[in-house]
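Enquirer: Chain residues, written in single-letter form:
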Amino acid sequence: MTPLGSSVSSNAADGSLSIPHLDIDPFAIEFFADPFPTHEVLREAGPVVYLDKWGVYGVARYAEVHAVLNDPATFCSSRGVGLSDFKKEKPWRPPSLILEADPPAHTRTRAVLSRVLSPTVMKQVRDRFVAAAEAQVDLLLEKRRFDAIADLAEAYPLSIFPDALGLKPEGREHLLPYASLVFNAFGPPNELRREAIERSAPHQAYVAEQCRRNNLAPGGFGACIHAQADQGEITENEAELLVRSLLSAGLDTTVNGIGAALYCLARFPDQWQLLRRDPSLARNAFEEAVRFESPVQTFFRTTTRDVEIGETHIGEGEKVLMFLGAANRDPRRWNKPDSYDITRRTSGHVGFGSGIHMCVGQLVARLEGEVILSALARRVAEIEIVGDTKRRFNNTLRGLDSLPVAISPA
Amino acid sequence: MPTIIFIRPSGERSPVEAGEGESAMQAATRTGIDGILAECGGNAMCATCHVYVEGDWLDRLPAIGDDEDALLDGTADERRSNSRLACQIKVTETLDGLVLRLPERQI
Chain P
5 MTPLGSSVSS NAADGSLSIP HLDIDPFAIE FFADPFPTHE VLREAGPVVY LDKWGVYGVA
65 RYAEVHAVLN DPATFCSSRG VGLSDFKKEK PWRPPSLILE ADPPAHTRTR AVLSRVLSPT
125 VMKQVRDRFV AAAEAQVDLL LEKRRFDAIA DLAEAYPLSI FPDALGLKPE GREHLLPYAS
185 LVFNAFGPPN ELRREAIERS APHQAYVAEQ CRRNNLAPGG FGACIHAQAD QGEITENEAE
245 LLVRSLLSAG LDTTVNGIGA ALYCLARFPD QWQLLRRDPS LARNAFEEAV RFESPVQTFF
305 RTTTRDVEIG ETHIGEGEKV LMFLGAANRD PRRWNKPDSY DITRRTSGHV GFGSGIHMCV
365 GQLVARLEGE VILSALARRV AEIEIVGDTK RRFNNTLRGL DSLPVAISPA
Chain E
43 MPTIIFIRPS GERSPVEAGE GESAMQAATR TGIDGILAEC GGNAMCATCH VYVEGDWLDR
103 LPAIGDDEDA LLDGTADERR SNSRLACQIK VTETLDGLVL RLPERQI
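As they're listed, the protein sequences go chains P and E. Quick note: the first sequence, position 277, residue 281 per the numbering used here, numbers continuous. Quick note: the second sequence, position 85, residue 127 per the numbering used here, numbers continuous.
I should point out that these hints are in silico values taken from the structure, not numbers from a laboratory. Be aware that a few hints might be false.
Said to hold, decoys possible - Covered by chain P, according to a simulated footprint, are these stretches of chain E (three or more residues, beta-carbon under 8 Å):
id	segment
1	48-58
2	106-114
3	121-133
Claimed, not checked - Some chain P residues near chain E, calculated using beta-carbon distances under 8 Å:
id	residue
4	Arg370
5	Pro408
6	Ala410
7	Ser412
To be verified - Here are the simulated distance ranges between beta carbons:
id	chain 1	residue 1	chain 2	residue 2	range
8	E	Asp101	P	Ala77	48 to 56 Å
9	P	Asp56	E	Glu120	36 to 44 Å
10	E	Thr73	P	Ala385	54 to 62 Å
11	E	Glu62	P	Gly319	42 to 50 Å
Think of the CB as a built atom: it goes at the ideal place given N, C-alpha and C, for glycine as much as any other residue.
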């Protein structure tokens, strides 16, 4: 499929070494439907490319994506990690104190969330996450036929994460639409973004309300964030915005991560059988799915100064789009990048980012992914796709809308 | 090139040559030492490159940072006085011969 007319042209008018100009819209529905051929075009065109459609630079090779992620002083986040430049345009919501912040401000807020979602905390919640996974698989074994997205990839995180956060039972139907909105809003002013923002008011109102201390159950992640305000680490208002970060990025991401793993295991039965024979591979099977599908496909940075990437000069104040999904399949870095291999050494993939902004909830994601895949591997013999899969389109997130499957008990 | 020796729980010793500027974690993952997971890729966020530093090597390592200290409280195997995260040990010539013992588990 080559719907994108990926013509390569060069322009050395500014005197610097010529940079490939690509006529690609990485936020078009046709691109989302099958991004992989275009990812290859982007990678092979050069270490850095220019995307005329949106007037941004792009990096799609592993080395350059990793380098940009790990140089936050040059490639900053405080001007927004979407296309919109907060220096020129009013953000659609008050900026995130962690995602859309740079050191030193970022360092303090990041430390708060790191503490709240630390390995020590994961040990404490693990048994609860395992029990919920077992209960979910019980339910599915009774059904036998179900939608692996709605009934599993969404249902499992929804059964555990909002409670872990300490949210009230009422209004949780806003959570997935809010997250979808946040990730659409990183994109350009296309229909996906416009529609999401037009419909955002009720979801934003719900989220703002839930971030308040009195709406968060004691002992949950949300209350733990507010407790840091009591210790003087952050202000009350900052605590609310940090809870908002968990509401924005803590659910839809794991839904798409688990959805990716299920889609992989259903499509590649040899890997499923491998997992069944050794359920201790569950955690890596999830991790490899995050590499293979890259549920978070892209993020932007903005240059704080003139900089060279390779031999290409980029001026100050330019947006640079990082193709995480393309980096995760760069043959320069990965052996057989297009194979889903649950025994692969996955360390170093950029599906969770890298550097100071690397996903602060990665331990929660891995825990959820591990325990649900482990429960399935021990109790389910086969997963078969029994209907048409449907893709869900979002400016940042990659995942399915529907994955009809049938399972048989082990 | 400095050499690091990893000792697996079975007692097996695996010498590994560390490259220029590498951390002990990077040297281990590059050479297939499977007792080091390094899920976060070296960003000091996951505590799955836990090692026990042998003998008097501990005193010769750079001091433990606050992040590392907090993460070590969450390691899968028990934290001991000689626990470190391999991603935070940058290998230099002065660490040639460093001996790191691997824990039973990282998750």
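Enquirer: Confirm or reject each hint.
Expert: Here is what the structure says about each hint:
no.: 1; hint: 48-58; in the structure: violated (count 0)
no.: 2; hint: 106-114; in the structure: holds (count 3)
no.: 3; hint: 121-133; in the structure: violated (count 0)
no.: 4; hint: Arg370; in the structure: 7 Å, holds
no.: 5; hint: Pro408; in the structure: 32 Å, violated
no.: 6; hint: Ala410; in the structure: 31 Å, violated
no.: 7; hint: Ser412; in the structure: 29 Å, violated
no.: 8; hint: Asp101/E / Ala77/P: 48 to 56 Å; in the structure: 33 Å, violated
no.: 9; hint: Asp56/P / Glu120/E: 36 to 44 Å; in the structure: 57 Å, violated
no.: 10; hint: Thr73/E / Ala385/P: 54 to 62 Å; in the structure: 37 Å, violated
no.: 11; hint: Glu62/E / Gly319/P: 42 to 50 Å; in the structure: 32 Å, violated
Violated hints for the displayed structure, listed by number in ascending order: 1, 3, 5, 6, 7, 8, 9, 10 and 11.
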